[in-house]
Amino acid sequence: MKQMRLYRMAHARSGDKGDGSNVGLIAYDERGYEIISREVTVERVKAHFGGLVKGHVDRYEVPNLRALNFILHDSLGGGGSASLITDAQGKTHGMAMLLMEIDVPDDYEPPGVGTGGAGSAEYPGPSR
Amino acid sequence: MIRIANGQGFWGDSVDAPVRLMREGPLDVLTLDYLAEVTMSIMQKLKRRDPAGKSGYATDFVELIRTILPDLREKGTRVVANAGGVNPRACLAAVSQVARDGGAAGMKIGMVAGDDILDRLDRIMAEGVPLSNMDDGRPLSEIREKVVSANVYMSAFPIAEALNLGAQIVLTGRSTDPGLVVGPLIHRYGWNRDDWDRLAAGTVAGHIIECGAQCTGGNFSRWWEVEGWDHLGYPIVEVEPDGSFVVTKHAGTGGLVTVDTVAEQLCYEMGDPCSYVTPDVIADFGSIQLGQQGVDRVGVSGVKGRPRTDSLKVSISYLAGYSAIGQLTISGPQPIEKAKVAAAALWGRLRRAGLEYAETHTELVGAGACHGRIAQGGSPAEVVLRLGVKDPDQKKVDRFGKEIAPLVTTGPPGVTGFAGGRPRANEVIAFWPALIPREMVKAEVRVESV
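First to last, the sequence lines map onto chains A and B.
All residue numbers for the first sequence refer to my numbering, where the first residue is 1 and numbers rise by one.
All residue numbers for the second sequence refer to my numbering, where the first residue is 129 and numbers rise by one.
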């Protein structure tokens with residue numbers, strides 16, 4: 001096993017759902033989807049976000065999109081205009097998810113996407 | 129095939145985008161999504177304060193129609209927008225006036241209303257519908273006197289009816305965002321109320337484009353692959369009679385449409401992927417098949433739908449106190465340490481003045497305000513100290529605003545960036561999602577000739 005940050009093998013989008021947020025985590029290939037399905041559990045996500053998520057975490061599998069959808073309950077300080085926090089709509093939670101480091105098999109290399117980018121060791125942006 | 133574009137993801141999105149969509153390539157229908165939950169409450173307040181009763185809709189829309197009226201007359205493009213907000217009649221009058229001024233005699237303009245149930249709330253509750261909070265089950269009576277707005281998410285069929293009556297422009301109140309796309313599809317292809325798969329496909333098409341450029345490169349994780357940020361193309365769906373469609377954008381515009389950009393937008397604001405509930409159908413996002421069909425062309429097929437629910441969703445907004453937020457910039461050296469001292473000083477001073485708040489918040493922007501301990505990196509050169517309070521008492525909240533500026537001369541050194549005056553108390557609007565039986569809501573469709 002080796003350690004890999006999610007941004008090398010997946011991309012993400014987040015937004016608000018009431019006083020919680022959702023994060024869609026999308027693997028770049030089928031093997032990557034198998035790995036994130038195994039490693040990125042509800043417990044791992046709850047621990048990763050720490051104090052940012054006050055409530056529980058739900059997870060849905062969307063294999064046709066190679067995606068996992070997470071609902072992070074009570075993560076927006078009340079949500080919408082009722083919130084005092086900067087990211088009151090969870091717009092940045094997808095980027096936060098991509099910083100998670102997980103175990104992957106030694107022989108797994110994600111597809112090199114674009115010019116460097118996700119396939120490279122550095123994020124964000126291409127390593128030029 | 130019918131080409132439907134979205135030129136506005138929310139009230140405040142690019143004002144040029146819809147104009148460019150009209151002029152940079154072929155288009156059959158231009159949709160514009162102006163409404164978010166908070167927009168409805170802002171509009172309701174504007175309407176209440178206007179004695180002439182002419183406020184409470186998206187005024188940007190009227191200006192847009194003024195700008196693109198010659199294009200609409202020349203090309204016959206239809207426009208569907210939820211610009212009516214909480215006052216669709218006033219919006220209809222304003223748009224009709226603009227069309228008359230522009231010499232568009234004979235143009236038909238349609239309006240869909242009936243979503244606004246604010247004046248009927250008490251009668252509805254008296255008839256035994258508690259409008260309980262969908263999240264926690266509390267009855268609406270707990271906050272009844274604080275309600276600001278109440279709007280039902282409406283079916284897309286009344287939009288199709290207005291188009292069937294010949295309307296070139298249709299404006300609505302609280303339609304659903306994807307409904308702006310589903311309505312024209314029902315009109316064009318004559319889909320029935322039980323064409324669940326087709327209605328679901330139209331809903332998915334609407335969901336993909338409802339946030340404008342968020343499926344054409346905006347907000348894309350691999351942002352370094354996006355070219356042409358200064359002229360991002362807004363999205364277009366080319367939909368076939370069976371509901372299958374291609375997501376694309378006009379040639380020569382910036383951004384990109386790939387399986388990855390579309391998949392990200394499908395995940396946006398997703399709940400249970402198997403049950404995307406709309407007034408007309410329950411769409412199953414687990415059935416969606418994506419395929420790249422060429423440069424900036426993504427095919428979407430296989431979408432399945434299930435029968436609609438018996439009830440409709442109501443978005444109720446209510447006044448939940450007051451809040452204020454102020455900020456200062458704290459330079460280095462040791463910006464984090466100094467920001468903590470400054471914040472402690474402010475909260476201590478307010479406590480000594482006898483002020484306690486229902487909620488307070490301290491954030492160090494630049495030191496993990498968004499990502500907490502997930503954030504990486506060393507000591508920043510400076511941080512923004514962002515302070516906020518929330519309380520039912522407006523006076524107390526205003527008093528907080530007077531305590532920010534003194535920190536420039538009474539706190540640690542290197543504090544600056546106090547601009548824009550003292551922060552004042554703003555109304556806090558909270559939301560109360562509820563359900564109402566479908567038969568208690570009647571759409572009103574009106575089509576007028578200019």
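Since the hints were derived computationally from the structure, they do not count as laboratory data.
Hints are not guaranteed to be accurate.
As the list claims (entries may be wrong) - The calculated DSS-like cross-link candidates involving lysine-lysine, where the alpha carbons are at most 30 Å apart (straight line), are:
id: 1; chain 1: B; residue 1: K432; chain 2: A; residue 2: K17
id: 2; chain 1: B; residue 1: K236; chain 2: A; residue 2: K91
id: 3; chain 1: B; residue 1: K441; chain 2: A; residue 2: K91
Bear in mind that the values here come from a model prediction, so they are computed numbers and not experimental data.
Hints and how they fare:
Taking the CA atoms of K432 of chain B and K17 of chain A, the gap is near 23 Å; set against the 30 Å cutoff, the hint holds. Distance hint between K236 of chain B and K91 of chain A is unfulfilled; the C-alpha atoms sit about 40 Å from each other, more than 30 Å. Of the supplied pair hints, the one linking K441 of chain B and K91 of chain A holds, its CA atoms being roughly 24 Å apart against a limit of 30 Å.
Checked against the numbered hints given earlier, the structure breaks only hint 2 and satisfies all the rest.
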